[in-house]
Amino acid sequence: MGLLKWGRTKSPWIIHFNTGGCNACDIEVVAALMPRYDIERFGIIIRGSPRHADVLVVTGPVTRQVKDRLVRIYEQMPEPKSVIAVGSCAISGAPFADCYNVYGGIDTVIPVDVYVPGCPPKPEAIINGIVKLIEKLKAG
Amino acid sequence: MTEETTEENEIVRKMKHLIGKNVLESEVTRPRRIFILVNKKVFGKAIRYLTKRMDFSHVSTITGVDVGEEIEVIYHLNRAGTTELSLKVRVAKDKLVLPTITDIIPGATLYEREVHDILGVIFEGHPDLSPVILPEGWPSDVYPLRKEWTIKKIQKKVTKGGKR
Amino acid sequence: MVPEGIAALIQILLFPGFLFLIALAFFYEWVDRKLLAKLQNRYGPLYTGPSGLLQPFADFIKLLSKEDITPKAADKFMFSCAPLFMLSFPLLALFLVPAAGLKALISFEGDLIFLMFLFTLIAVTIFIAGWSSVNRFSTVGGVRAAFQMLGYEIPMTLAMVGPAIAARTLSISQIVGWQSQNAAWFIWLQPIGFAIFVLCLLAELEFIPFDIPEAETEIVAGWFTEFSGRKLALIRLGKDVELVLAASLITSLFLGGPNSSLPILAVGFFLFKTTLAVVLLTTLRALFARFRVDQMIAGAWKYLLPLAILQMILIQLGFGR
Amino acid sequence: MSYPTIRIPFGPQHPFHIEPEYFMFEVDGERVVGVKPRIGYVHRGIEKATEDRTFIQNLYLIERICGICSHAHTTCYTQAIEEILGVEIPPRAKFIRTIIAELERIHNHYLWLGLAAHEIGFETLFMYSWRDREIVMDLLELVSGNRVHYAMNTIGGVRRDVTPEIVEKIRKGLDALEERMRYYKKIAMTEPTISKRATGIGILKPKDAIALCAVGPTLRASGIKRDVRADDPYIAYDEIPFNVITYDGCDVISRLFVRCDEVFESVNIIRYAMEHLPEGKIRIKVPRRVPEGEAVSRVEAPRGELIHYAKTSGTTKPERYKVRSPTLGNIPSLCKMLVGGYIADIPIVIAGIDPCFSCTDRMAFVNINNNKQWILSGEELRRYAIKWYRKE
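The listed protein sequences derive, respectively, from chains A, B, C and D.
At the far end of the first sequence sits residue 269, using our numbering, and the numbering has no gaps.
At the far end of the second sequence sits residue 1095, using our numbering, and the numbering has no gaps.
At the far end of the third sequence sits residue 340, using our numbering, and the numbering has no gaps.
At the far end of the fourth sequence sits residue 522, using our numbering, and the numbering has no gaps.
I should point out that these hints are in silico values taken from the structure, not numbers from a laboratory.
Hints may be right or wrong, so weigh each one.
To be verified - With a cut-off of at most 30 Å between alpha-carbon atoms, the simulated DSS-like pairs for lysine-lysine come out as follows: (1) Lys316/D <-> Lys321/C; (2) Lys1083/B <-> Lys196/A; (3) Lys971/B <-> Lys1024/B; (4) Lys976/B <-> Lys441/D; (5) Lys983/B <-> Lys441/D.
In this text, all values refer to a predicted model and were calculated from it rather than measured experimentally.
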């Protein structure tokens, strides 16, 4: 089983979805892919289709309109999948928590593995979140 | 006062000349800002006059404000990027109808859609007034920005008491 | 078992056969990703194995262990066969190309034509894969792959036929033999043919200037949007083996191939030249933006085809000998 | 015999764009026949939320309307409230606000250049431009302590001062930024693949631009000279000389050139502002209770004219606060540009107006009339197409 676990921890492919946030966290997630931080060193690539991805990186409070799309994306991903909630909006809905069109954090909709606090979290914090996820995968 | 404000007063004078006492209120708060409240009856004429002859061709946006028993719709018109004229019209809540201006300025379709969505003002002649920013399955009688709808009441009504 | 039979089996299964080629596929995917990263001023895979060497292998293993989803509406049979074809065709084509010595595993008069047929089959498989997964993105991706094939197929065939005419043979091994006898590589004799061949290979491999069928930013992941798990692993491996096929074809047709009788030296030459070819393909990949389908086809018919015909005329007039 | 057009959904999750927006394209082969944007995914109901918060709390909320143009939103907000209060902020604060506004414009244009390159598949330019964007991010972090959401503005002035050594660092950073942008502009002009994918695409004629109320670089790329900084100067723009960039190519490549030149303008503005930074306080005390009144404030955000309308009722909370973001003004023109193009052109034309749906999501256009879930399975698609085709 060591080989499978090695494979799974060494190449976590991510897919990014913004559920209504202010796209500050999104540009930080994309900045983590860029030459200065370059998370491809850990074997992470951003994939276009939910079918190819293992990790769903979600940013933003879940607005009412986006909720069932988020659940649909989560269902489309093949099984050993995990979710990273990036940004305090994704964790608790932050400033928009009591707006009428917002559900609050991601965990009210789909199970979340790693929370990355910050508004927006710096790319180093996002990489730290991914490393924690890899440790969690290693622990099995 | 600098030369600019006379230009604003010039516009206000022309409007008064056009529709006389129907200009209920007019105010020049600072250079390049004019607020004019017009009676609903002459609204169509005023808009046509401003956009066609006075060259206010750019609609920055349309704001809806719930002022108690009436809804105030404010058309922020702009001329050549400089002077911003806010034309205000008051519509009673029981008869929320206004003529659309999309035939004069096609760019205003989106703004009218939003005011209809969150305040319920119906714009006659608008090509397509279906719901806009509010999510699918939003109860059609809830207008979020009305004063009587507090956030708590909206939440309860929309989720029908379901979980947040 | 007759030893000669065992030797043939070993040759097919182990040395210039499956294992060697699949290992080569992983190695070249690593070379491709690292070089692309370097050109884009970043590191590329770093922590899986020595400087990321095992990254493609890790991706393969991970994909194998993932859940394999077949969409309800998909055409089940073709949906599951497409990845198999996608892997087997390039592997079969690689047996025709001499890797360890002057003679390829299977070498007969006319194997160049058989290779061109396999290239077309790969494009058809891509179309079938896109069509059978009934996702609109895949459908558009599959249709685009078919469009693209119309564009690059004919110039590529002409470019491949060039060396065959010059060497008066239709077998790749003989072409390599001819180049080693006359000690003249076709890259010097037919530079236009070489340029056309490389451009068409970029289109066949769906690399950046021509990665229209899987344009990530337009149609999600193009024709293989719906594949996941084992099927995706096979498709990605198939695409890597296709990269090895393209590079080894450039080596054998235009760079003289493994032109020494000693097997060790032959493999050394082969590896060195194929890596050079991969480096060339990746550098081209990093320099361009993506073309539109109609621009690509228009470009192929307006520029590549006349140049290919010009190359044909030059060979007839004796410049290509 | 016209084939039933296929409907291709773009979004809400789409690799090319970092935000959920959703365009349903009716496609005939590779040609786009009709477009229905359906946004509303990021609509959080901010305008209602502002009515329950005091003015200082609103500052925190208004800033998070959009991550990339957060300073533009707060400048517009503080300007409106200061106008109602009848308060004049110290000149040094005006200059610092202008410096941060221009730094944010540079940050936005670099970010846009990368995203536009990503959409036409030019990964290397995407990586390079975002690598150079880190320079301006470091400058912003240096001045305000945060890479995004700088929280520099408060009602009555600015929160942090710009010390001389920060000025020195900014000057060094600006030289590098300007030099890199010159290099990218040269690439955009000479590189055949970029010009092939961006010239003559997404045409917006001046007549349509005015009729559809386009704003910002999209308007200026159609040859119309309108810029809020020059026409309706606010904070320190009346004291700083700069010129408004216009190109009359009306297509995506001229929008790119408009933005490239705007970066050069911004660099000059910042240099001028730093040289003429007046001394004095950076903030003045402001009463918590705002008198009754209303104000319309306009700001030239990186994407175009941003307008806020504030109505106050003499309490500590605003009566009504309306925000209209620049991208919303460009959506009708975007739909006009998209119809008639290819599928492959859709991302680059959408990117052409540099949409920011986090701001926009007060509005959408038309929603999908019949089905609720957004992925049509093959069966439904065929049935729908036949039904739609018969209706034709």
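These are the hints, each one checked on the structure:
1. Proposed proximity of Lys316/D and Lys321/C is supported: the alpha carbons are some 27 Å apart, at most 30 Å.
2. With a CA separation close to 20 Å, the supplied pair Lys1083/B and Lys196/A stays within the 30 Å bound.
3. Between Lys971/B and Lys1024/B the alpha-carbon distance is near 13 Å, which keeps this suggested pair within the 30 Å criterion.
4. Pair hint Lys976/B plus Lys441/D holds up; C-alpha atoms about 26 Å apart against a cutoff of 30 Å.
5. Between Lys983/B and Lys441/D, the direct Cα distance comes to roughly 29 Å. Compliance with the 30 Å bound is thereby established for this hinted pair.
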